[in-house]
Every structure is written in C-alpha cells, then in structure tokens.
Amino acid sequence: MDFKSGTELLALCRQEGQPISRIMRRRECLLGETAADEVERRMTRVLQIMRASTTQPLETPLRSMGGLIGGEAKRLAAHAAEKRDICGPVLQRAVTYAMAVLEVNASMGLIVAAPTAGSSGVVPALLLTLQEQYHISDQRLLDGLFNAGAVGYLAMRNATVAGAVGGCQAEVGVAAAMAASAAVELMGGGPEQCLNAASTVLMNMLGLVCDPVGGLVEFPCQSRNAAGVANALVAAELALSGVPQLIPFDEMLAAMYNVGRRLPAELRETALGGCAATPAACERCGGCG
Amino acid sequence: MPFISVFDVLGPNMIGPSSSHTAGAAVIAGLARKLIAPPLTSVRFTLYGSFAKTYRGHGTDRALLGGILGFATDDIRIRDSFRIAGERGLAFAFAADEAETELHPNTVDIRMENAAGQVMTVRGVSLGGGKVKIVRINGVEVDFTGEYSALIVIHRDTPGVVAHITRVLSDHHVNIAFMRLFREARGHTAYSIIESDGTLPDGIPGQLRGNPNIQDVMLVQP
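Same order as they appear, the protein sequences are chains G and E. Read in order, the letters of the first sequence correspond to residues 3 to 291 in my numbering. Read in order, the letters of the second sequence correspond to residues 12 to 233 in my numbering.
This is chain E alone, in the form it adopts within the complex (with noise of 0.2 Å):
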C-alpha cells in the first residue's frame, strides 16, 4: 500500500469545486502539456463520461485549459483560463462524447498542437482526490502517473533500444522504480515509461536521442 501523506488527507490545496473533476483535470492537462515542445498553437478536448455530463458546473473545462496553460491546482488564474488562453494565442476547443460508456467515468482526451507542427494526443483519467493516470499517448495504451519523476521514449521495436536507455540511466546513477514497455505492434512504434524516486537528470533526454531508433524523449518532473 502506499504512504498516505497526511497532506493527502488535508489536500490538494485546490480551486474547487470537485477534487476529481477540477483539481484532476487540471492535473491530467498538466502532465499532457509536458509531453509536447512549447509553445502549443491549438488544443482539443474531448469529454467522456460524468466529464461529458457536468463538466461546465464542475468548470473542468476551465480547469482543462488552466493545466494546459501551466496553472497548478491551487492557482486561481484557472478561473480566467479561457481569457488567459485567448491572450496566449492558444486555440482551445471542447467536445463532449456522452455516447461513448465503455471509458472511466472521468476520462479526457487532450489533443494538442504546437508552433512546429507536431501533434500529440493524451488519453487521462481522473481517479479522485486529484490523483491521476495517463492511459494513452498518441493512440498507444500507456500508463504513467506523474507522481514520480518520469522518462518517456518514443523509439522505434528494434533489439538494442532498452539497453541503450538502460546504459544512459546506469551512466547517470538513476535507480529505477518502474520500467515498462509499451507498443502498437512489433516492428512499429514503442514506448518506453521509465519512473524513478529520485530526480531524473535533465541531461538524459539529449544523450538518449543519440540513437537513431529513439524518435523522441520527454522528461517529466513531479
């Protein structure tokens, strides 16, 4: 079982009204917008679920965008995200899909792009309490929270490439809490989640791009 801090009891320090619908999707947009290079030019939202039904009362839209934007839980400025975003130059859409019943109750997808072209899509879910689970990345089944610090690779399914990333991490002392491996078929495109306890090294994303089968490298830090 994990530590329960006696801050998740007396936490998240939030913007209300709901630790799932709100505190939660601000946190789910959060780590969605650490997976892309800045700055985005537009993002879409898609709702499922209770998300789809009372996302305007909950302001999970407000709270979506808010994340994406940058704001923490407990930063008010997620109240005028939209005015914000409008500031900012960044296109924001949202769509809800009540049909769609077979997701998490309170699941997200986040598309986003950025001022070199890229696109990048998310899949979170919001578990309560404003913990969160990303669980897709670019239509492949991930799975990651962002409550330790975390490496994701993007490589192509060719032998060698985990013990590339294996001997960057030793090279840099980092111990490993969590490894796994995710693709869309063998051969294609794979997926490589590393999480640590400590701190990853910022200097692990430029060494590992070395490899001509690493597409891409994002670090995320709690």
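Bound-form chain G, shown alone (with noise of 0.2 Å):
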C-alpha cells in the first residue's frame, strides 16, 4: 500500500479504484501500525485545531510575539462584512481565514503545522472555506485532509518543505499544492486530476523565496499565507476545468528542489536577503544590532 512517487500513488489508485485520500488512509494504517479509528480521531484533532485557528482572530485580534503582525484577519472580515470584497466570496473568505492561521501561529496560539508552522494557513483556509460555500460535511472534509497529506507526504520525501532549504516554495508551495489537490478532490475531480492541481501550483509559485524580517515566522509569511491559497483556488479551477498539465507531479517536484537548492543562502530563511533586507523591514526589526 506504500507509494514513493505520484506515478505510483496514480496507478495505486487505479488499481483499487479509490481517490487518494482512501489510499493515504490505507497507507496510514497498514505502515503507521494504527487502527483505523485512531487515525481517524488524531485527523478529526486535527480538523478542530485548525477550525479554531482560522475563527478566533476574526473576534480577537491577536498581536504577534515580534509585533509586526495582528488584527489582519478581523479587517478583512469587517471589509467583506461592508460589502467592499472585490475577490468573490471564496476566495474572499479563504484569504481572510489564511492570514487568521498565521495571527494565531505568531501569538503562540495552538495550530497545526501543514506541513510547517510558517505555511499552516493555507490548508486550513482554502478546505473550511469550500465547506461553507459547498455544504462539505465534517466527514469528507477529512477526506480532503487525507487527500493533502500525501501531496505533503511526496514532498517531504522527495524533496523538502523547509525553508531554510528550499526557499518559501517549498512551505507555501507545498501547502498551496497540498490544499489545491484535496480541493480537486473534495469537488468531484479524480486522483489525476489533483495531482495536476498540485503541480500547477508549484510551479506558479516557483522559485518564491523564504525572507522572513527579523527571522520571525510574521512578515511577509502571513500574506505570503493568503498568496498560496489565491494559487491553490486557481490551480484547483484549472485542473477541474479539465486544463491539461504538461508536467508530471513528480517532474515538477523534482524541479522545485532543484530551485530551491540553486538559491542563494541569504533567500533561503536566514532574514539576510529579499523583504528581510530592505531598508523599511531593517528599521523595524533592529535585529542585526
């Protein structure tokens, strides 16, 4: 039941006749040793935490630990609630619930890293969104957590999801194509095409680099957040859409990580290049002291 590139995961799902997240959970319980409701429960915590962490700041604003962030989320909502959106009410609300997630991660509020702390809006946003506008019950939305996690299982294993190695494409892009692919899936697309999803999202967010101000997990992450949902709904658009993919997942992974290696150490999370160096970020953050 393993599969170690998404050629395998496709020809898996063909085999059993089953969408990936059915193989993702069959995968879980058969290699992970663990029962089938108790895979279940840890991805229904899962499904709480982050319903938590995309609500709270619309009520509470929270203020982050570096001060460069807070209240984001509860401006965008009162903007929609005016009337004033221009992006629609999914994306609207997806972008609103994104830079929520990222509010809560940076005042040391409970989230759910997917796949890392810096990237744990996305995912979040774009599913409980879709839930709202399409009446997706608690059941398949699990499903699409399912679906997401063997995007982001493929990346870990076959390329990376950490900054600090492969730029921001490898956390909001992995995200965004993990988000994008379950979405595919949760609105009636097949196993091909999520992953189609998924690689057109890493590659319209190639070669984004990780240039955090301060070293801090605020500025320009959050919005960088909002930024991946945006290319999760467009990716999942095209590929429902039946717009073909002229490159393979797996190719297209392979190249992120080559990207990501050819960046330069400074754009790869060390705040010494990019946004981190500007003259404006460098006045706020007083950190190089």
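None of these hints come from the bench; they were simulated from the model. Treat the numbers as computed from the prediction; the structure is a model and nothing was measured. Virtual Cβ for every residue (Gly too), placed ideally from N, Cα, C. Heads up, a few of these hints could be off.
[Claimed, not checked] Chain G stretches covered by chain E per the calculated footprint, using a threshold of three residues with CB under 8 Å from any CB of chain E:
id, region
1, 38-51
2, 116-128
3, 150-160
4, 213-227
5, 242-254
Build the complex: two chains, separate frames, hints provided.
What follows is the structure, given as structure tokens:
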C-alpha cells in the first residue's frame, strides 16, 4: 500500500479504484501500524484545531510575539461584512482564514503545522472555506486532509518542505499544492486532476524565496499564506476544468527542489535578503544591532 | 528511510510560531526533564546560533521552560510558562551565546538542578518539524531522539556492565532497536543508550541498579 512517487500513487488509485484520500488512509493504518478509528480520531483533532485557528482572530485580534503583525484577519472580515470585497466570497473568505491562522501562530496560539508552522494557514483556509461555501460534511473534509497529506508526504519524501533548504516555494508552495489537490478531490475531480493541480501550484510559485523580516514567522509569511490560497484556487479551477498539465507532479516537485537548492543562502530563511533586507524592514527589526 | 506519517505532514499540533524554534524547543526540554529525578529547583538555558538570535520573537524561551514543566508542544500553557514556573518555585535563567558558531544553528544547553542537589546538563538540537536530537549529557557526546522508548544507563567503563544490561533486557524479553555506548575516556564514566521498538518495562531501571558499577538509570518513554 506504499507509494514513493505521484506516479505510483496514481497507479494505486487506478488499480484499487479509489481516491487519493482512501489510499493515504490505508497507507497510514498499514505502515503506521495504527487502527483505522485511531487514525480518524487524530485527524478529527487536526480538523478541530484548524477550525479554531481560522476563526478565533476574526473576533479577537491577536498581537504577534515579534510585533510585526496582528489584527489583519479582523480587518478582512470587516471589509467583507461591508460588502466592499472584490475577490468574491470563496477567495475573500479563504484569504481571511489564511491570515487568521498565521495571526494565531505568531501570537503563540495553537495551530497544526501543514506542512510547517510558517505555511500553516493555506490548507485549513481553503478546506474550511469550501466547507462553508459548498456545504461539505466534516467527514468529507477529513478526506480532503488525507488527500493533502499524500501530496505533502511526497514533497517531504522526495524534495523538502523546509524554507531553510528550498525557500518559501517549499513551504507555502507545497502547502498550496496540498490544498489544491484536496480541493479537487472535494469538488469531484479524479486523482490525476488532483496531482495536476498540485503540479500547477508548484509551477506557479516556483522560485519564491524565504525572507522573513527579523527572522520571525510573521512578515511576509502571513501575506504569502494568503497568496498561497489564491494559487491553490487557481490551480484547482484549471484542473477541474480539464485543462491539461504538461509537467507531471513528480517532475515539477523535482524542479522545485532543484530551484530551491540553487537559491543563495541569503534567500533561504536567514533573513539576510529579499524582504528582510529592505531598509523599511531593517528599520522595524533592528535585530542586526 | 523512516516512515513518514500523514501526521508528520499535518502536524505537529503545536503552539506557534515555529516548529523548530518553538515546538522543537519544548520537545528538547521535555526530554531533558526526564533525565533527572524531580522536583527541579533551578534551570539555566544557554542558546546558540539562530536560537540565540531570535529566541524572544519565536517564544523559544517560553517553550523551553514549558518543556521543563512537562508541557507538550500543543499545550497552551507554554505561553504562560514564566508565570507557572514562578508559582512552582522553579528558578530559571536564559543566556544567549552568539560567539559560538561551530554548533548546529538551533542548539541549546540545559543545566538542571533538583531538590536533592543533583546537577544534570543536556545539549539538544532542533532539527525542524518538531524533530530533535539529544547530543550531549553531562559533557559526554551521545545521540538519541526520544522517538523510541529509551534507556539511558550511566555506568563505569568496565568489563561486564554491558553484559549485565543486556541480560536484564533479555529477562524482560526486550527487542533492542539500537544500542550504543558513549564514554568520556577509557575506564571513566560511560553512557549506554538502548532504544526499543516497544515500550520498555518500568521494572528495568530498578533491576539494573543492582549492579555496583551502574551509577544511574533513566527510562525515557515517548
């Protein structure tokens, strides 16, 4: 029941006539030597934490430890409540939720790393938005999480999800690839369409650097999570429309990893380049002393 | 390649903001506290590399202290660990050593003292994603992760001790996953670290202590 690549995963889906989420569940039970109900219980807890972290800052704004962010989610929610939003209900809500999770994270609140803390907003934001807008059950949402987990597992196994190794494309990029694939399954797409969407996200976010101001998981990380959700939605829409993807997921993942390793160290989480090195950021941070 | 669980991807469930600087810090300190008999009276943390530079903004200090207090990575009390440590009468201090650059960038030294006056120092490294490694105990280089049920035996480096350890383990039908011996110098103090796939029985430490060459035994359950 194990798979080591997207190609092997798709072969398993075909052979078993099952969606990605089902294959990933079976893999977890078998190779993780865990009973199915325990696996469901743990994933239900993941969903609970995700839900709390998307909604809490809409009511109660939270100030970050480093002081660079706080209150963004409430602003976005208020903007939408006044009917002045321009993104439409799905994207507007998803962006709000993604910003909210990063607000919780940066203020030492409880989140689920997905796949990392710095990229923890994308998957919950998109899945919970789809649930609200399209009336998806919690049980189906768990399917989405297992699907996302399969894509994230392949990225961890065959590339990296560490900003210090592969830049933001490996963190928010992979998170968005996970979210896009999950969204496709939830909205009725097949396994190949799922991985096409994941591949498209990696393609569209290729080369994105990791340049946190002051070395903290605050800015631009929070905004990048919102951008990740937008990328995931675009890719899912393309895949669900049947737009073909020239580059298979495995090859795109390898390309992302190669680009990541070629990024100079200044652009891989060291806070020495990109946004972190702008005069405005340095003035706010004062960390180099 | 070790098994990557879906909960390694969607997880850990953690107090933010960083899996390496916050969650990993709590895990290291949580392992350290299991290496000394409670209750602790004081703890001092020395932070190196990126830990030293950014620990306040990442809440690394609160997470380390939270780990010492026994809080898991998803325990919201990590936020208030300074206050809770104060209430429990645990003295704590933090020092940043930015001069030392040879170590892994996310390294911490933890010096703990308990009510019996015992002192234990532990060096831990945070590897990312909440994964950690203990690399030094009381100045001796070691290597264990806390992901397995682990037995740490401090003993004299003398013939027969390892045989005694393996005999006791065999009596308990323990299947050893890894067993390694680390030592200061020949004939001095040695550390045997045994990791097992299953849960090591709680009766093992008492039985091991029966040997006069064994100074201390610690059982660290995952």
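Taking the hints in turn, this is what the structure says about them:
{"no.": "1", "hint": "38-51", "result": "holds (count 6)"}
{"no.": "2", "hint": "116-128", "result": "holds (count 7)"}
{"no.": "3", "hint": "150-160", "result": "holds (count 7)"}
{"no.": "4", "hint": "213-227", "result": "holds (count 5)"}
{"no.": "5", "hint": "242-254", "result": "violated (count 0)"}
Comparing the model with each earlier hint shows a violation of hint 5 alone; every other hint is respected.
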